[in-house]
Amino acid sequence: MQKIRKVVYVMFVFVFLFILSGCSSQPKTTQNMLDTKGLVTTRDFKDVKGFGVIDYTKFPNPSQAILAAHEAALVDAYAKATEFVYGLIVEGGSSVENFALKDKTVETRLRGVIRGAEEISTEGSKDTDGDGIYAVVLRIYRKAIEETLGMKLQAWTY
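The sequence shown: position 136 = 135 (numbering that gives the first Met the number 0), numbered continuously.
These aren't lab readings, by the way, just hints derived from the structure by calculation. Any given hint might turn out to be false.
Stated by the list, open to error - Distance condition first, Cα-Cα at most 25 Å in a straight line; then the derived BS3-like pairs of lysine-lysine:
(1) Lys48 / Lys125
(2) Lys125 / Lys57
(3) Lys48 / Lys142
Whole structure, please, built from the sequences with the hints as guidance.
What follows is the structure, given as structure tokens:
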């Protein structure tokens, strides 16, 4: 009776492991990489995620394409960090002629300094059509921002 119990137990373990192996994580796609859920914001730091396109047409060498996408994602993350700390200036205008919209412009500008940011994760994806996206998560620290500004921050959204 105990021998049968052991055999059933071993078979159960193998079936369980077989089922779990089928549940392995799916490869990263562009769609699920754009998700910004899971970024952490606390009293002491904030995570921001930047994106860059992996362009194999402009950079035929895959290493160059990935490095360029990493740099673009890093710049995007720093821009988002700057927007969080300093805000964003948005200017716009439109012109109307004969009661019809002739021209419309919207311009955004950022200006600020981010010091002490830490690159905490990077990831890349490649879709079936060969395109890809690269993401970088930066962590900015409240203390470093306060030292750069020379003042204590009153509000830090978390």
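The hints, checked one at a time:
1. Among the hinted pairs, lysine 48 with lysine 125 is consistent with the structure: their alpha-carbon atoms are about 18 Å apart, no more than 25 Å.
2. Annotation: proposed proximity of lysine 125 to lysine 57 holds, straight-line Cα distance about 16 Å (limit 25 Å).
3. Restraint check: the Cα-Cα separation between lysine 48 and lysine 142 comes to about 20 Å, which is no more than 25 Å; the hinted pair holds.
In terms of the numbered hints stated before, the structure departs from none.
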